[in-house]
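Undergrad: This is what each chain is made of:
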Amino acid sequence: MKKLNYVIKNTFINMRRNPLLVIATMLAVLVSSFLVFTTLSARAIVENNTSRWQNGVHVVIFLDDRVTSTAHKQLQETLENYPEVRMVEYFTKSEAMDEFKILFKDQPELLQEVDFDILPTSLRINLNNPADYKLIIERMEGNAAVKEIRASGEAIERLLSLTNTLVLSASIFAGLIGFAAFILIINTLRLTAYAKKKEIKIMRTIGASSTYIRLPFIFEAILESLIGTSIAVGLGWGFIQYSKTSFIADSIFDITISDSYLTNLTLILLFSTILFGFFASFVGIRRVLND
Amino acid sequence: MIRLEDVSLVFQGGSVALSNVSTQISEGEFVYLIGHSGSGKSSLLKLLYKEYSATKGSIEVVDMDVTSLPSWKIPLLRRKLGIVTQEPQLLENRTTFENISFALEVLGFDEKEINEKTNTLIELVDLENSMYKFPNQLSGGEQTRACIARALASNPLLLLCDEPTGNLDPDLSIQIISLLEKINRAGTTVLMATHDSSIVNRRKKRVLQLSNGKLVSDVEKGRYI
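Residue numbers (this note's numbering), protein chains in the order written: chain A, 12 to 302; chain B, 176 to 400.
Mixed in with the good hints, there may be bad ones.
Said to hold, decoys possible - Example chain B residues on the side facing chain A (calculated, C-beta under 8 Å, incomplete): (1) Pro250; (2) Arg253; (3) Arg254; (4) Ile258; (5) Gln264; (6) Leu266; (7) Ala278; (8) Glu280; (9) Val281; (10) Leu282; (11) Ser329.
Source of the hints: derived by calculation from the structure; they are not laboratory data.
Being a predicted model, the structure only gives us computed values, none of them experimental.
Backbone N, C-alpha and C define an ideal beta-carbon position, used for all residues, glycine too.
Chain B with its partners taken away, still in its complex shape:
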């Protein structure tokens, strides 16, 4: 599903975000990407959906060679991915239902499909009671769940989550993780960046740890030490 080989990312000005990272993630895995702030977690995720381009090395995501991917093919890659960011990116003037259906509209589904699929996604993330609420009427956890639902609109093969529990309290964080595990059990590969040690230690999943842009450990059923 994901293959990184000797990947480095150096920003203009010389600051090194990632250095010689190599790893593989197979289909159906649930992997935590951990590390302190500035360790390179977000940069690595952004490389995977081609928001950034690697300075060195090769990257393969969902059978696409991301390293040499021309810009006009980036949308094709992203339609195979679901992306959830730390700050819930919801449109303020649209309800939860509309925020989710927006993705389906953009992807070209017809109205009937949009309604059916949006309802299914809302049910999946358990937001039936908040579907007609606007983002400012939702709790942090609900906003994150709405974002996850939207990210699932394209039936992604891989879900990339960049600290989705970063702004949530422990209980809400657990709810989000349970939801992601449910999605993973349905067949979607999940790579989640986090620096929340309590979650990582409790769930006993594969853990990749970054430190100063280097992959320092890759442990099955790992812990955040």
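For reference, chain A alone in the conformation it holds in the complex:
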């Protein structure tokens, strides 16, 4: 217990020796952890949204009103016979009008102005595998009953591809800043260790174990990293809470992410930070203590 007091006291003494470097280290860890936290959270949000979209309508075929309703029915039957298709829903003009009214209920001027006759009937298709949307488009091309085809799969693919690119870029950036934090921790510890070289030598002569000598340095690295990560995680949680009520939430994105996901992410980040600090301290003082 007495030894622990010594270790804790010396951890704070060490940190007071190089305050600027300590702050720089914490900031680097903070930025890196914040990037990791927000990137992973953002990816989870995008995945939630896209999976919701993927479970909905994948292809919408707008029908040419000049063609008879019998032709529309035939087309629906043809589509229903395709093995890739799970369900086809016939959406009438009046249903399209109802949907339009719901979607634009906040814009009464628009509802007054619009001529609902221009809204086409459509077939809304749900596929077993959303990736098969291209197949449906190919088969429907040139069909006289078809006016226009829209596939959500394409948009989802583009969004996922964009998300993946963003996640990759942010991960690389977070990795680089994390590496900078690693170097900063090593430098901070080495500076402290060199400043305390005489003290370390005396401790070794007296009979202090290597672990005992190392502990203040290990605690310092872990503490600096944990402070940085804790602030980052706090900011990340705050940012997500803010996003839920901000303009972002009014967009097509639904900012929903489970608390259990965020808690797990927080715990994983904090645990990784402890390992990170431990490893950095091990590398940082290995040479100094072996002198």
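Here the structure of chain A is known, so what remains is to put chain B in place on it, guided by the hints.
TA: Coordinates of chain B only, in the frame set by chain A:
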């Protein structure tokens, strides 16, 4: 207390520090280790507290086989020893009291014990008037006495002194030797490396003489010739 058998120490590059040294020192003895600079005195002391590892031979110190001692057990060995170096290793930003209590703190004593024991050690080395002075305010002799007090913090069975009077004038040297003899009389075995012939010749103790890494003489009540 100490047993060396056919001990040699060869540094990387081939320079021979010690060659086939064999001797024994019993509990309670006061032994001078003499020889010119470079004769191997410091190397021999460093072998005893495992700062160096012998190239050949076997070493036993305070009932521990130092030759095969794993690195994690070195602190256990050193807690049984007191080590005093020629250059007083004191922390500049701590007072005499704090420098001595530092050792007790590291060894895990509680605050009350630290205060009591530090005061006893300060009294033993006669530094009561300098206990709140910083190292740069102490004379060379006082610094050495502070180092001796710190080395005694763990109640060592064996005190290893590497030329503790090397930088001191004759009067101060005598004071240090008297202090070491007092510690020896209290039961601590003392092995002191020195090349100060006046001290050795005056005190009439056992003398081990090294020359070019070889033990050339071992004489009871010896002299430095």
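Undergrad: Evaluate each hint against the coordinates.
TA: Status of each hint after checking the structure:
no.: 1; hint: Pro250; result: holds (4 Å)
no.: 2; hint: Arg253; result: holds (4 Å)
no.: 3; hint: Arg254; result: holds (4 Å)
no.: 4; hint: Ile258; result: holds (5 Å)
no.: 5; hint: Gln264; result: holds (5 Å)
no.: 6; hint: Leu266; result: holds (6 Å)
no.: 7; hint: Ala278; result: holds (5 Å)
no.: 8; hint: Glu280; result: holds (6 Å)
no.: 9; hint: Val281; result: holds (5 Å)
no.: 10; hint: Leu282; result: holds (7 Å)
no.: 11; hint: Ser329; result: holds (7 Å)
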